[in-house]
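> Sequence:
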Amino acid sequence: MNETEGLRFRRVHRPQVITDELPENRSKGSGTYSGKVFKVTLISLGCFLLLPLLVIILIIESPIHPEVFSLKEPPLMKGCWEPNLKLRDAQRLFEDQITGPESIANIGDVLYAGTADGKIVKLVGRRIITVARLGKLPCVSGAIWAVRGLCGQVWDVGISVVDPFGAPCLMPSVFRLGSIFPLSTVAPHVRLLIVFGVSSVVLEYDTETRELTVLMENLRFPNGIQLLPDEESVLVAETTMARIRRVHVAGLNKGGMDTFIDNLPGFPDNIRPSSSGGYWVAMSAVRPNPGFSMLDFLSQRPWIKKFIFKCLGPRAERRD
Numbered sequence: 001m002n003e004t005e006g007l008r009f010r011r012v013h014r015p016q017v018i019t020d021e022l023p024e025n026r027s028k029g030s031g032t033y034s035g036k037v038f039k040v041t042l043i044s045l046g047c048f049l050l051l052p053l054l055v056i057i058l059i060i061e062s063p064i065h066p067e068v069f070s071l072k073e074p075p076l077m078k079g080c081w082e083p084n085l086k087l088r089d090a091q092r093l094f095e096d097q098i099t100g101p102e103s104i105a106n107i108g109d110v111l112y113a114g115t116a117d118g119k120i121v122k123l124v125g126r127r128i129i130t131v132a133r134l135g136k137l138p139c140v141s142g143a144i145w146a147v148r149g150l151c152g153q154v155w156d157v158g159i160s161v162v163d164p165f166g167a168p169c170l171m172p173s174v175f176r177l178g179s180i181f182p183l184s185t186v187a188p189h190v191r192l193l194i195v196f197g198v199s200s201v202v203l204e205y206d207t208e209t210r211e212l213t214v215l216m217e218n219l220r221f222p223n224g225i226q227l228l229p230d231e232e233s234v235l236v237a238e239t240t241m242a243r244i245r246r247v248h249v250a251g252l253n254k255g256g257m258d259t260f261i262d263n264l265p266g267f268p269d270n271i272r273p274s275s276s277g278g279y280w281v282a283m284s285a286v287r288p289n290p291g292f293s294m295l296d297f298l299s300q301r302p303w304i305k306k307f308i309f310k311c312l313g314p315r316a317e318r319r320d
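Residue numbers for the sequence shown follow full-length UniProt numbering, beginning at 1 and rising by one.
Hints are supplied without guarantee of correctness; some may be wrong.
To be verified - For lysine-lysine, the following BS3-like pairs were computed, each having C-alpha atoms within a straight-line distance of at most 30 Å:
id, residue 1, residue 2
1, K72, K86
2, K72, K254
3, K305, K72
4, K122, K86
5, K72, K306
To be verified - Estimated spans, in silico, between C-beta atoms of each pair:
id, residue 1, residue 2, range
6, D230, T209, 17 to 25 Å
7, R127, K78, 37 to 45 Å
8, R133, C80, 39 to 47 Å
9, L50, S275, 56 to 64 Å
10, K86, G277, 16 to 24 Å
11, S275, K78, 21 to 29 Å
12, E217, S44, 46 to 54 Å
13, E211, N106, 24 to 32 Å
14, N253, S70, 23 to 31 Å
15, E211, E231, 14 to 22 Å
In case anyone wonders, no lab produced these hints; they're calculated from the structure.
Predicted, not measured: the structure shown is a model, and the values here were computed from it.
Note that CB positions come from ideal geometry on N, CA and C, so glycine has one too.
Please put together the full structure from these sequences, using the hints given.
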């Protein structure tokens, strides 16, 4: 037997030196690739999101051209403006029996109200009597906001009623012997009323001569209106400006105008006289201080208003 028989041959391997830098060097290439993929993905996502915004800003024309106006700093929520829970003790009438009553007028003990589902109702004791119905049926309960153009939502009750999608909207809420005082708000965009306060007027209609006179103009969304007990002046809630104006319609000061109350802690809506001699003023939104008010913020930023309406598009337009 030869000497080499029974011996194993081993393949010679080059020695490898293991250092701490080896894992980093191995992962360097893969890390660089992952970073590039992340950057490309991030840039693509940014372009995908920015492209529609650029189209809206540069190509789509704004349906409105809002003006800059300023509101005073809201009053602090203290004293008579301090929030309270007194209304929790109020008696609830016709709960879950009537849909969104917007405005209430009383004749003696009988109440009249316009509802969000397009009805004029008379409230006598515990009974609800439908006086008239506006718009088209059916009006789906719980979906009034989406179909109110068909329902004919009533915004105010007085001598006549208002379908908010009419053009122009005449809202006669108060009257004295021989005269009717309507608010005229002509706007091609419904949401324009509250948010941007289109220019509107207060009119006086003489029922004998059938003449229409402009009493107040250049108002920003006049909403509630109420004749004072002496029938010599009318209060008008200028919602967008968070104040109540007064115009004298008779007496020595006839034709004169002044501010009845300014810088309210909210945006006034309807006005109704109180049994104690004052007035109940509903607020459509609060201007918290301390806090943030969107309408106050937008008042001096017309470019944001334009952008909002560009995004809303046809949905903001008035429906017939």
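> Look at each hint and say if it fits the structure.
Checked hints:
| no. | hint | verdict |
| --- | --- | --- |
| 1 | K72 x K86 | 28 Å, holds |
| 2 | K72 x K254 | 29 Å, holds |
| 3 | K305 x K72 | 19 Å, holds |
| 4 | K122 x K86 | 27 Å, holds |
| 5 | K72 x K306 | 23 Å, holds |
| 6 | D230 x T209: 17 to 25 Å | 23 Å, holds |
| 7 | R127 x K78: 37 to 45 Å | 43 Å, holds |
| 8 | R133 x C80: 39 to 47 Å | 41 Å, holds |
| 9 | L50 x S275: 56 to 64 Å | 58 Å, holds |
| 10 | K86 x G277: 16 to 24 Å | 19 Å, holds |
| 11 | S275 x K78: 21 to 29 Å | 27 Å, holds |
| 12 | E217 x S44: 46 to 54 Å | 53 Å, holds |
| 13 | E211 x N106: 24 to 32 Å | 29 Å, holds |
| 14 | N253 x S70: 23 to 31 Å | 28 Å, holds |
| 15 | E211 x E231: 14 to 22 Å | 19 Å, holds |
When held up to the earlier numbered hints, the structure conflicts with none and fits them all.
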